[in-house]
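Following the hints, position chain L against chain Y.
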Amino acid sequence: MREINSSEIRQAVRDLAIAAAHDLEPDILEALLAARDRETGELAGNILEVLVANANIASRDRIPVCQDTGTGILFLELGQEVHIRGDLQEALQEGVRLGYEEGYLRKSVCDPLTRKNTGTNTPAVVHIELAPGDRITIRFLPKGCGSENMSSLVMLPPAAGTEGVVRHVIDRVLAAGSNPCPPMIVGVGLGGSFEKAALLAKKALLRPVGEKSGREDVAVLEERLLREINDQGQGVHGFGGITTALAVHMEVFPCHIASLPVGINIQCHAHRHKEIVL
Amino acid sequence: MKTESAFFENLLEVALPFTPEVLASLKAGQLVSLSGTLYTGRDQTHRRLCALLDEGKDLPVDLAGQLLYYVGPSPARPGRVIGAAGPTTSYRMDSYTPRLLALGLAATMGKGARCAEVRQAMLEHGAVYLAAIGGAGAFLSKCIKKAELVAFADAGPEALFRFEVEKFPAVVINDLEGRDYYALVAAASRCGK
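Taken in order, these protein sequences are the chains called Y and L. Take 1 as the starting number for the first sequence in this note's numbering and just add one per residue. Take 1 as the starting number for the second sequence in this note's numbering and just add one per residue.
Honestly, the hints are just simulated from the structure, not real lab data. Warning: the hint list may mix true and false statements.
Within a straight-line C-alpha distance of at most 27 Å, the following computed DSSO-like cross-link-like pairs (lysine-lysine) qualify [said to hold, decoys possible]:
id : chain 1 : residue 1 : chain 2 : residue 2
1  : L       : 167       : L       : 145
2  : Y       : 107       : Y       : 274
3  : L       : 57        : Y       : 116
4  : Y       : 274       : Y       : 212
5  : Y       : 107       : Y       : 212
6  : L       : 27        : L       : 167
7  : Y       : 107       : L       : 145
8  : Y       : 107       : L       : 146
9  : L       : 146       : L       : 167
Please read these numbers as outputs of a predicted model, since none were measured by experiment.
Pulled out of the complex, with its shape left as it was, chain Y reads as follows (with noise of 0.2 Å):
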């Protein structure tokens, strides 16, 4: 049995949210530069050299990628061999707190009936996950709402098929239009059940800007759904072009023989995501 002190994951929640809204991890900035390197609209590169630009003062200058620092997501895989010594819950909430403090981060957490903000952009939503051996991992994705609030989720009748879900998939990324800042990343949870589907498609989100399915047909699910989206041409902020999407990701999970649950959460090109293992 391993321990680890709680102090120490709350430093570590800390470090993360402050670097997650100022540095883009390689996959985002790479998708980023080689959709300005294809892109055939003027307007849409032109945007796209800007996103560019925007990493880099953001990183050098230490101001945030965008200013929707985010509700903070957390996934933890807890090493069931691990032993954490004080409050795991406690530790990752003042994690939070202290990085939307210490790095000038955006508080964006609110009552959703009275609108009172709650002042620390907690509480952050916690998911946590059993896993072998004796260490945590600790992913931070901070989530901003012009992507979030153009999420779906659909329990389609089994009869709908792949045709059904790929119609729904194309229609929800379509009637998004310019909200969720595009080029979006589409996260797509197939399968599992009502909340289940909801959070396969966030997972889905955490898998690296472009990296294929470990399944075939899914893999050539996602390159298909990516390519008509690609080919309804809103573009970049809607500006036209080739890029509405940089990728579309599906996981996807057994479900009742009634029911075709499809989650569908986008993601903004701003996609700020980090990780650490202790």
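Just chain L now, kept in the frame of chain Y:
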């Protein structure tokens, strides 16, 4: 100002607030570079402005002829003017916007399309809508030279600010003649097939 992108080279330089002549000359799809004064507001700001109107009270600022930018900036680091300050999605302000246009608000700026009621109200009152570059909060922060709190300080990032901007890039989406650039792009893309 040293720019980090060639994007600025071909933009039409426009002073804020817009003169009636400039407002009338803007065309959907045009790239503009804005310099001058604008006001900011997003969800809570709009809710509070409309609550004041409901109570028959004066607004904290006269919006006639002004540009209202939908933004909730991140906090400024010490010694800085402002943090990241890119646009938020505009449709959330749609239900409030016709009332503010009726007061003479000349322009709004955010990202994403407006609903039919807002487009109609813009035509009636002679107002335009612009899109700023979504997700370019650090880049746009550099174009803001002064930020002054005007009202609703307790709303935090949703407070109403007055910004002095310099060479702030934007795209005209809805012009005075009723054109909508997002719709034009969508139509052109369909015709190209």
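> Hints broken by the structure, by number, lowest first?
Replying inline: 5
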